[in-house]
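Undergrad: In case you want the letters, here they are:
Protein chains: 2
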Amino acid sequence: MSFPKVGVIGAGQLARMMVPAAVDLGIELSLMANSSSDSAAQVAPYVVIDLNDEAAVLAWAKKCDVVTFEHEQVPAKAIAAMEKAGVKVFPSSSSFIYSQNKLLMRQKMSELKLPNPEWSSYDGGTSPLKFPLIAKTPTGGYDGRGVFVIADQSALEKLHSEASQTLLLEEKLNFDYEIAVMVARSTHGQAATWAPTLTVQTNGICTQTITPIPDVNEDLAIQAENIALAIAQGIDLVGVMAVELFVVNGELIVNELALRPHNSGHWSIEGSVTSQFEQHLRAVLDLPLGNTSLVAKWAVMGNVIGIQTDKSKDLYPPYLHLMARSPKLKIHQYMKEMRPGRKVGHVTMIGDDLVQLRSEVAHAVDYMTGAIDE
Amino acid sequence: MSFPKVGVIGAGQLARMMVPAAVDLGIELSLMANSSSDSAAQVAPYVVIDLNDEAAVLAWAKKCDVVTFEHEQVPAKAIAAMEKAGVKVFPSSSSFIYSQNKLLMRQKMSELKLPNPEWSSYDGGTSPLKFPLIAKTPTGGYDGRGVFVIADQSALEKLHSEASQTLLLEEKLNFDYEIAVMVARSTHGQAATWAPTLTVQTNGICTQTITPIPDVNEDLAIQAENIALAIAQGIDLVGVMAVELFVVNGELIVNELALRPHNSGHWSIEGSVTSQFEQHLRAVLDLPLGNTSLVAKWAVMGNVIGIQTDKSKDLYPPYLHLMARSPKLKIHQYMKEMRPGRKVGHVTMIGDDLVQLRSEVAHAVDYMTGAIDE
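Note that the protein sequences, when read in sequence, are chains A and B.
Yeah, the first sequence ends on 381 if you go by the numbering used here, and it's all consecutive.
Yeah, the second sequence ends on 381 if you go by the numbering used here, and it's all consecutive.
Keep in mind the hints are simulated off the structure, nothing from the lab.
A few of these clues could be false.
Since the list gives no way to pick one copy over another, a pair counts as held whenever it fits inside one copy or between any two copies.
As the list claims (entries may be wrong) - Mimicking DSBU-like on lysine-lysine, the simulated pairs with C-alpha atoms at most 35 angstroms apart in a straight line are:
{"#": "1", "residue 1": "Lys304", "residue 2": "Lys84"}
{"#": "2", "residue 1": "Lys115", "residue 2": "Lys335"}
{"#": "3", "residue 1": "Lys70", "residue 2": "Lys137"}
{"#": "4", "residue 1": "Lys165", "residue 2": "Lys69"}
{"#": "5", "residue 1": "Lys120", "residue 2": "Lys179"}
{"#": "6", "residue 1": "Lys320", "residue 2": "Lys165"}
{"#": "7", "residue 1": "Lys335", "residue 2": "Lys350"}
{"#": "8", "residue 1": "Lys84", "residue 2": "Lys165"}
Turn these sequences into a full structure, and let the hints guide you.
TA: Shown next, in the form of structure tokens:
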């Protein structure tokens, strides 16, 4: 039979969550892991290869029908080498670069006439933007890393000197809230979005998502989906992508792109007919995309983020209380050691009563992390 | 961390469908397979052990926190040996026997005052029941195997002589339709049913299920759930069980029991908040049971059953047409070679329009098997 093998660079929780979709469809996975203890390496076939070992990466990739990613920390030359050797890699290097380089992403959004904040590259000298501003290292940052609030010229110069690279400067927006749109696009150019998601932030980290966005202006939701579709087409996306957007006085501004399954789309596992993980596999295999409608009025996802340094924190005993208290709660365990600030799992609930869903999800997260004990 | 390891005897599609639930919850599986090509052995850790090799079974079982089954072909003495050695085995041998021995099952239903057909054991002599009747070999039969329609005394005597064992005789019911109720029960005695399912039969094989039962008398559905709960308690079930029932002139008659996840409950993967596979893991681990409500008005499941002898039938190319035609279709591929009469997969759709769901599911099954080509 011609069931394909999909190579996945990375074996974290995003690769782990591809496993159920792959098992259902009969698609074989081969993960490129850092170690046998990686989240997904515990549940799917993997190889341990240094991403900088081009020959080893290539030898592995050639055994796969298609190669994809679950994170952005992949050297561009490794991707280019695979493509040169005729390996099908999706997203392609020419698309993936917008996930890896924030400066190129801003240039592309401008070119596509999509809503950017005021922005500029910076190689020294007087700031072209007013202070305070946001400075970003164009590469290597994610989840808020590599992002700095800069108060004045001397702080900017200090950062530039320390970073020793061109910086991306952006105006500091006074935004109302942040949303994300998940979009998928296949090789044939078929594209589909899910309903836009409100990403509730706590100290700059997404702690909860609500889908669809409560009390949202219908036009704004459609605009957000159209922006996501325009980007997907504009960068020739193949796979799924998260488009993170700021809402500023009712206007949308593109914040960041992630060309992979994303935390903002975890709700889709239970909340949508087709999960982002199944859709990603369909897209990179050029299969027709699945329906993306919600199966409930609301889907609320809560991230379980480590709050203590006790690595021995046992995340299994909380199941007894949580499953008894919230029979509709769906637990996703990444099987990672708990560390402060580290995502070790998430929980999702779908239903009609948003207040109840948010409350039960928040309780589950706090009980799982040990923030509360009842 | 104290995440448990669940040993599963059998590595067919039922074990395969436990994998996504186990991955989500962080539960480790260890399968006892017949070979590396078994459906579930392709996607989860397994050992190949002969079930009759008691020492090997025991050594494996002792490494698991709990052992369960995905089929009934397990020698009773192998289960007893595990129990004697202190291994947690669920369902226990004293429950599981009702899944393995149809004569003991009838005796138990009578004892529990649950609705049996007219029945008798038979060791020779004049039939105590009127002809035509149904004769069954008490052990070893499933999916219609070991079940015979007997027209007269001489046919009965011939069968008894050939079978060389006590037979179970049952009146031949002129039933209106067949239904199934899935029920789960944990070590602590918490029990939960799903909505009863109509099992649509073609030539004695279930080809489609519809949940809930269309146009059903609400009292009948409640009665069916109560019968399933009474059996679960009466046999001290731990795990999930399918209770198959005949509806005869609006009355329910118990047909068969299967103490494991069952084809009649496959709809629950997409159609219920908690799938039968997650529930089975929860039950045998004595975790609180999940909510069993439907997430849509209807869930329709269609079995993909082989119709041709061409073992090279490739089940992947049909994805292109089926996914394009039915974006809401959920495909479950067991990764088994197609053989006539063999279940090689199933498809499920959930939604509001039962006529459309049944039509799309039937089309998908026929296209997948090659019965139609458009």
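Undergrad: With reference to the structure, classify each hint as holding or not holding.
TA: Status of the hints after comparison with the structure:
no., hint, result
1, Lys304 x Lys84, "neither (44 angstroms within a copy, 51 angstroms between copies)"
2, Lys115 x Lys335, "between (42 angstroms within a copy, 34 angstroms between copies)"
3, Lys70 x Lys137, "neither (52 angstroms within a copy, 64 angstroms between copies)"
4, Lys165 x Lys69, "neither (45 angstroms within a copy, 61 angstroms between copies)"
5, Lys120 x Lys179, "within (20 angstroms within a copy, 74 angstroms between copies)"
6, Lys320 x Lys165, "neither (40 angstroms within a copy, 66 angstroms between copies)"
7, Lys335 x Lys350, "both (22 angstroms within a copy, 31 angstroms between copies)"
8, Lys84 x Lys165, "within (30 angstroms within a copy, 76 angstroms between copies)"
The structure does not agree with the numbered hints 1, 3, 4, 6 stated previously, though it agrees with the rest.
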